[in-house]
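What the sequence shown shows, in our numbering, is residues 1 to 167, in sequence order.
Quick caveat, the hints were computed from the structure, so don't treat them as lab data.
Be aware that a few hints might be false.
[Stated by the list, open to error] Cut-off 25 angstroms, straight-line C-alpha distance, at most; resulting in silico cross-link-like pairs (BS3-like, lysine-lysine): (1) K119 <-> K52; (2) K52 <-> K6; (3) K7 <-> K85; (4) K157 <-> K52; (5) K74 <-> K162; (6) K63 <-> K52; (7) K143 <-> K162; (8) K6 <-> K162; (9) K85 <-> K162; (10) K119 <-> K63; (11) K143 <-> K157; (12) K74 <-> K143; (13) K143 <-> K52.
[What the hints assert, rightly or not] Have a look at the derived ranges for each label pair, beta carbon to beta carbon: (14) A43 <-> P149: 13 to 23 angstroms; (15) M12 <-> K119: 27 to 37 angstroms; (16) F42 <-> G160: 29 to 39 angstroms; (17) I131 <-> D2: 20 to 30 angstroms; (18) E125 <-> A3: 18 to 28 angstroms; (19) G56 <-> P149: 29 to 39 angstroms; (20) P98 <-> D2: 15 to 25 angstroms; (21) V163 <-> D4: 10 to 20 angstroms; (22) P86 <-> A25: 16 to 26 angstroms; (23) P86 <-> W155: 19 to 29 angstroms; (24) P65 <-> R89: 16 to 26 angstroms; (25) R89 <-> K119: 20 to 30 angstroms; (26) N111 <-> D2: 33 to 43 angstroms.
Cβ atoms here follow ideal geometry from the backbone N, Cα and C, with glycine treated the same way.
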Amino acid sequence: MDADAKKTALRMIPYGIYVMTAEAADGTIAGATVNWVTQTSFAPPLVVIGVKADSGAREILRKTPHFALNMLGKGQQGAAFAFFKPASRDGNTLSGEPIRKGSTGAPILDNAIACIECKVAEIVERGDHHIVIAEVVDARVAKPPAARPDDAILWMKDLGEKVFYGG
Numbered sequence: 001m002d003a004d005a006k007k008t009a010l011r012m013i014p015y016g017i018y019v020m021t022a023e024a025a026d027g028t029i030a031g032a033t034v035n036w037v038t039q040t041s042f043a044p045p046l047v048v049i050g051v052k053a054d055s056g057a058r059e060i061l062r063k064t065p066h067f068a069l070n071m072l073g074k075g076q077q078g079a080a081f082a083f084f085k086p087a088s089r090d091g092n093t094l095s096g097e098p099i100r101k102g103s104t105g106a107p108i109l110d111n112a113i114a115c116i117e118c119k120v121a122e123i124v125e126r127g128d129h130h131i132v133i134a135e136v137v138d139a140r141v142a143k144p145p146a147a148r149p150d151d152a153i154l155w156m157k158d159l160g161e162k163v164f165y166g167g
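Construct all of the structure, not just a fragment, from the sequences and the given hints.
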């Protein structure tokens with residue numbers, strides 16, 4: 001296989017930017033920028049996300065059945081970059097972003113344009129990222145989008161010409 005062709009072709013897949021947040025019963029908390037996200041079922045509503053196998057976020061998901069997927073909107077590049085590194089909690093903030101507990105107990109970013117709360121159904125442990133299959137159990141939209149909902153999301157390409165993931 002031509003490695004350059006593979007990388008280029010896989011980078012043609014468009015990626016939205018999301019922050020996955022979770023908190024274990026022992027109080028350990030995770031917040032991680034994720035972009036391998038898709039809906040996979042309408043009934044029940046299922047999503048899948050890719051989580052780096054050796055990340056702190058993956059370790060928290062081993063300890064708790066719930067997480068939140070916070071949708072970032074246009075102009076929220078700072079929040080995306082804040083969660084590229086391990087999250088830190090300071091009172092009611094996570095990596096500088098205000099949070100509150102959602103209905104499942106998962107931390108929700110107050111400034112996210114929308115979020116879904118999920119219950120982990122299965123984790124497929126293959127490759128350098130594990131696939132988390134989860135059922136959507138709650139949802140919140142901070143402000144209805146003016147146009148198409150998928151146009152409201154912050155895209156990987158909005159982070160700059162040199163920011164890529166995948167390939």
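Verification of the supplied hints:
Taking the CA atoms of K119 and K52, the gap is near 19 angstroms; set against the 25 angstroms cutoff, the hint holds. The suggested pairing of K52 with K6 holds, with an alpha-carbon distance near 20 angstroms, which does not exceed 25 angstroms. Only pairs whose Cα atoms come within 25 angstroms are accepted, and K7 paired with K85 is accepted, the gap being roughly 24 angstroms. With a CA separation close to 21 angstroms, the supplied pair K157 and K52 stays within the 25 angstroms bound.
A hinted pair counts as satisfied when its Cα atoms are at most 25 angstroms apart, and K74 with K162 qualifies at roughly 18 angstroms. This hinted pair checks out: K63 and K52 have alpha carbons roughly 16 angstroms apart, not beyond 25 angstroms. In summary, the hint linking K143 to K162 is not supported, as the alpha carbons are separated by about 30 angstroms, beyond the 25 angstroms threshold. Restraint check for K6 and K162: the C-alpha separation of about 18 angstroms stays at or below 25 angstroms, so the hint holds.
Of the supplied pair hints, the one linking K85 and K162 holds, its CA atoms being roughly 18 angstroms apart against a limit of 25 angstroms. In summary, the hint linking K119 to K63 is supported, as the alpha carbons are separated by about 12 angstroms, within the 25 angstroms threshold. For the given pair, K143 sits about 23 angstroms from K157 by alpha-carbon distance, which is consistent with the 25 angstroms threshold. A distance of roughly 13 angstroms separates the Cα atoms of K74 and K143; the hinted pair therefore holds under the 25 angstroms criterion.
A hinted pair counts as satisfied when its Cα atoms are at most 25 angstroms apart, and K143 with K52 does not qualify at roughly 31 angstroms. A hinted range of 13 to 23 angstroms for the beta carbons of A43 and P149 is consistent with their spacing of about 19 angstroms. Separation of M12 from K119 is about 32 angstroms and conforms to the stated range, judged on CB atoms against 27 to 37 angstroms. A C-beta distance of roughly 35 angstroms is found between F42 and G160, which places it inside the suggested range of 29 to 39 angstroms.
Distance hint for I131 and D2: a CB-CB separation of about 26 angstroms, consistent with the stated range 20 to 30 angstroms. Separated by about 25 angstroms at the C-beta atoms, E125 and A3 satisfy the suggested range of 18 to 28 angstroms. Checked against the hint of 29 to 39 angstroms, the pair G56 and P149 passes, with Cβ atoms roughly 30 angstroms apart. A C-beta distance of roughly 46 angstroms is found between P98 and D2, which places it outside the suggested range of 15 to 25 angstroms.
Checked against the hint of 10 to 20 angstroms, the pair V163 and D4 passes, with Cβ atoms roughly 19 angstroms apart. At roughly 20 angstroms, the beta-carbon separation of P86 and A25 lies within the given 16 to 26 angstroms, and the hint holds. Restraint check, P86 to W155: a C-beta distance of roughly 24 angstroms satisfies the suggested window 19 to 29 angstroms. In this structure, P65 and R89 meet the distance hint of 16 to 26 angstroms, their C-beta atoms being roughly 20 angstroms apart.
Hint check: R89 to K119, Cβ distance near 23 angstroms, so the stated range 20 to 30 angstroms holds. Range check, N111 to D2: Cβ separation about 42 angstroms, and the 33 to 43 angstroms hint holds.
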